[in-house]
Amino acid sequence: MARITLDHLAHAYKPDPRTADDYALKEINHVWSQGGAYALLGPSGCGKTTLLNIISGLVRPTRGRVLFDDLDVTDLATESRNIAQVFQFPVVYDTMTVRENLAFPLKNRHVPREKTAQRVEEIARLLDLTRVLGRKASNLTADMKQKISLGRGLVRPDVAAILFDEPLTVIDPHLKWQLRSTLKEIHRALDITMIYVTHDQTEALTFADKVVVMHDGAVVQTGTPDELFERPAHTFVGHFIGSPGMNILPCRIEGATAFIGNEAIPLLRSYRTLSAGEKLELGIRPEFARLQPKGSGLPVHVRRIDDIGRARIARVEMAGRPLAASVPDGISIEGSEAALALDPRHVHIYANGHLVAGEALGGNKA
Amino acid sequence: MTKTVYNGAWFFVLPVFAIVAFSAVLPLMTVVNYSVQDTFGNNQFFWNGIGWFQELLDPSTELGGRFFEALWRSLLFSAIILMIEVPLGIAVALAMPREGWTVALCLVLMALPLLIPWNVVGTIWQVFARSDIGLLGWTVNHLGIDYNYTNDSIDAWVTLIVMDVWHWTSLVALLCYAGLKSIPDAYYQAARIDGASRWAVFRTIQLPKMRRVLLIAVLLRFMDSFMIYTEPFVITGGGPGNATTFLSIDLVKLALGQFDLGKAAAMSLVYNLIILAICWVFYTVMTNVDAERERVEA
Chain A
1 MARITLDHLA HAYKPDPRTA DDYALKEINH VWSQGGAYAL LGPSGCGKTT LLNIISGLVR
61 PTRGRVLFDD LDVTDLATES RNIAQVFQFP VVYDTMTVRE NLAFPLKNRH VPREKTAQRV
121 EEIARLLDLT RVLGRKASNL TADMKQKISL GRGLVRPDVA AILFDEPLTV IDPHLKWQLR
181 STLKEIHRAL DITMIYVTHD QTEALTFADK VVVMHDGAVV QTGTPDELFE RPAHTFVGHF
241 IGSPGMNILP CRIEGATAFI GNEAIPLLRS YRTLSAGEKL ELGIRPEFAR LQPKGSGLPV
301 HVRRIDDIGR ARIARVEMAG RPLAASVPDG ISIEGSEAAL ALDPRHVHIY ANGHLVAGEA
361 LGGNKA
Chain B
1 MTKTVYNGAW FFVLPVFAIV AFSAVLPLMT VVNYSVQDTF GNNQFFWNGI GWFQELLDPS
61 TELGGRFFEA LWRSLLFSAI ILMIEVPLGI AVALAMPREG WTVALCLVLM ALPLLIPWNV
121 VGTIWQVFAR SDIGLLGWTV NHLGIDYNYT NDSIDAWVTL IVMDVWHWTS LVALLCYAGL
181 KSIPDAYYQA ARIDGASRWA VFRTIQLPKM RRVLLIAVLL RFMDSFMIYT EPFVITGGGP
241 GNATTFLSID LVKLALGQFD LGKAAAMSLV YNLIILAICW VFYTVMTNVD AERERVEA
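Which chain is which? The protein sequence lines are A and B, in order.
Position 97 of the first sequence, counting from 1, maps to 97 under the working numbering, and the rest follow consecutively.
Position 183 of the second sequence, counting from 1, maps to 183 under the working numbering, and the rest follow consecutively.
Keep in mind the hints are simulated off the structure, nothing from the lab.
For each residue, glycine too, the CB sits at the ideal point set by N, CA and C.
Check each hint, because a few of them may be wrong.
As the list claims (entries may be wrong) - Residues of chain B placed beyond 10 Å of chain A at every Cβ, according to the derived structure: (1) Phe46; (2) Asp58; (3) Glu99; (4) Val121.
Said to hold, decoys possible - Dumping the calculated BS3-like pairs for lysine-lysine here, alpha-carbon to alpha-carbon at most 25 Å: (5) B:Lys209 with B:Lys181; (6) A:Lys26 with A:Lys279; (7) B:Lys181 with A:Lys14; (8) A:Lys107 with B:Lys209; (9) A:Lys176 with A:Lys210; (10) A:Lys210 with A:Lys26.
Work the whole structure out from these sequences, hints included.
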């Protein structure tokens with residue numbers, strides 16, 4: 001059981017890194033609290049797996065420390081850390097039965113035989129592997145094998161955290177849900193920290209209590225799925241999370257009004273502190289930009305309307321910029337001219353990609 | 001979809017039948033033909049039935065006696081070189097680097113002995129191991145060890161075995177290396193997380209993943225060593241005495257030295273069947289290990 005602290009951690013695969021670009025993992029400070037279900041979300045090549053391998057000790061970081069509770073484990077070998085890892089492709093020991101596979105980590109640690117057998121039975125019951133305990137692991141399906149990999153981690157009574165590196169990649173779609181709910185059940189049943197690496201936002205948002213979004217080797221936001229959706233801290237988060245992603249439009253700000261082209265958009269906060277020369281953008285999720293008949297609101301040109309099942313999404317053009325908007329039920333648009341109503345509470349302003357908080361209107365500074 | 005039956009299609013496979021018959025079946029049948037006949041020269045042949053085979057397989061006759069002696073020598077030689085080359089090849093493969101420029105260097109160095117023709121290898125070792133002018137023979141003798149492969153049958157065997165190990169271990173090593181390279185990194189990482197020792201990693205990951213290439217290596221090395229001819233012919237000529245007269249050397253002596261075509265034909269057929277039988281046993285045993293384990297455990 002442990003809290004995992006990443007302290008000024010950075011990693012470069014090349015020796016002698018100089019510029020920020022040399023780092024596969026840019027400096028990160030983060031605390032994974034005991035018993036949390038975390039997802040590490042980001043596109044391929046953003047440093048997720050590197051970070052995971054540093055935590056499990058397969059990779060030694062170039063700079064910084066990894067702490068389990070208050071113990072510095074940066075130089076501790078993988079096998080001496082209380083960490084288990086499940087890989088993208090299921091790893092089972094082909095020549096062994098499922099029972100032998102599950103017992104393997106305990107056998108290597110010289111746990112007494114009766115205790116091992118008892119523990120293996122327990123974990124097999126938890127993972128629903130009891131039926132196949134006597135079978136050869138190599139002949140099972142991918143999802144079973146992935147359960148065995150997980151079981152080899154769970155079987156160790158001292159394990160503090162389990163790291164998952166895109167564990168559902170090779171699993172059949174209809175079994176993905178099942179396996180993911182098994183993971184959630186296990187997380188609830190056992191007090192174990194779980195860190196789940198994925199590039200699939202659905203997996204991340206349904207699995208985790210807290211999602212860490214990574215981009216280009218750096219953590220851009222950490223938060224609950226709701227926070228990531230409602231207040232993306234970075235345009236990347238806005239764009240990456242949500243389907244379709246957030247609309248990001250270049251804009252100009254004057255006090256509490258944003259201008260896109262010549263269209264004025266009133267804001268709830270004022271942004272007087274922005275310095276000149278910063279790249280300003282306005283972000284609005286399609287869910288909070290509603291299409292309505294022309295007349296009131298921002299005039300837009302409708303290109304097409306997609307029915308994506310749970311909602312209808314309009315692809316529109318405003319001041320020459322494409323954006324997506326939601327089409328409320330019962331609204332019908334005639335012709336290609338329409339208007340947009342933006343929910344001002346969900347309009348965010350970004351400077352150089354980062355969210356700007358702004359100042360409340362009507363304050364003493366106004 | 002229905003298929004049209006067109007018997008004319010048989011004509012298209014006819015060339016294959018013709019080539020196989022010309023190059024394999026007919027020559028083999030000539031051997032079969034010789035093996036059931038006797039000749040006293042002048043191209044006069046007499047029917048002998050299974051006489052040669054009976055004599056060959058009866059150790060109390062002169063022919064049977066020399067056949068079984070040569071057979072044991074061949075089997076012993078193959079057994080010894082397999083016992084050395086397979087473990088050594090695995091060890092070399094495990095010691096080879098996995099990445100970097102040294103990989104290419106190692107591969108080239110390892111492939112070199114494989115590229116040298118058999119009779120050249122024989123000649124190299126014939127000179128190299130000579131006790132008067134050969135570097136190896138001279139050095140060994142000057143270290144105080146009495147070594148002369150032309151006089152002493154043990155020395156002759158040691159020379160041939162060391163030569164074969166020198167020539168062919170890299171084949172086993174290269175095959176094993178290919179097997180090792182196919183193991184994804186995740187296996188090694190998982191083993192580290194599971195706290196597996198170096199030996200456990202070898203037993204549970206590397207050896208099982210090498211099983212297929214090892215099967216090929218064992219089959220190739222067995223067949224080659226069981227049929228070895230050129231090197232012992234060049235180095236020892238089958239001597240001293242008959243100490244290194246393997247089956248192949250004996251066969252050539254019988255067929256071309258004594259010109260006993262019937263006996264030699266019978267011997268080569270039995271020789272061929274032995275190789276087939278042993279390879280079949282190796283193959284069945286090694287491919288069935290898995291299946292049997294599964295059955296026992298189920």
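Would the hint linking Lys209 (chain B) and Lys181 (chain B) be met if the CA-CA limit is 25 Å? Distance of about 10 Å is within 25 Å: holds.
Per the stated criterion, does the least C-beta distance between Val121 (chain B) and chain A lie above 10 Å, as a non-interface residue requires? Nearest chain A Cβ is 37 Å from Val121 (chain B), so the label holds.
Just checking, Phe46 (chain B) versus chain A, shortest CB gap more than 10 Å? The assertion about Phe46 (chain B) holds, with a minimum of 58 Å to chain A.
Agreement of Lys181 (chain B) and Lys14 (chain A) with the hint, judged by alpha carbon distance not exceeding 25 Å: 23 Å, holds
Asp58 (chain B) clear of chain A by more than 10 Å, beta carbon to beta carbon? 45 Å, holds
Checking one constraint from the list: CA of Lys210 (chain A) to CA of Lys26 (chain A), max 25 Å. Satisfied? 21 Å, holds
Holds or violated: Lys26 (chain A) with Lys279 (chain A), Cα cutoff 25 Å? Holds, at about 23 Å.
Take the C-alpha atoms of Lys107 (chain A) and Lys209 (chain B), compute the straight-line distance between them, and say whether it is at most 25 Å. 21 Å, holds
Lys176 (chain A) paired with Lys210 (chain A) [C-alpha distance capped at 25 Å]: Given that 25 Å is the threshold and the Cα spacing comes to 20 Å, the pair holds.
Just checking, Glu99 (chain B) versus chain A, shortest CB gap more than 10 Å? Glu99 (chain B) clear of chain A: closest Cβ-Cβ about 13 Å, beyond 10 Å.
The structure agrees with every numbered hint stated previously.
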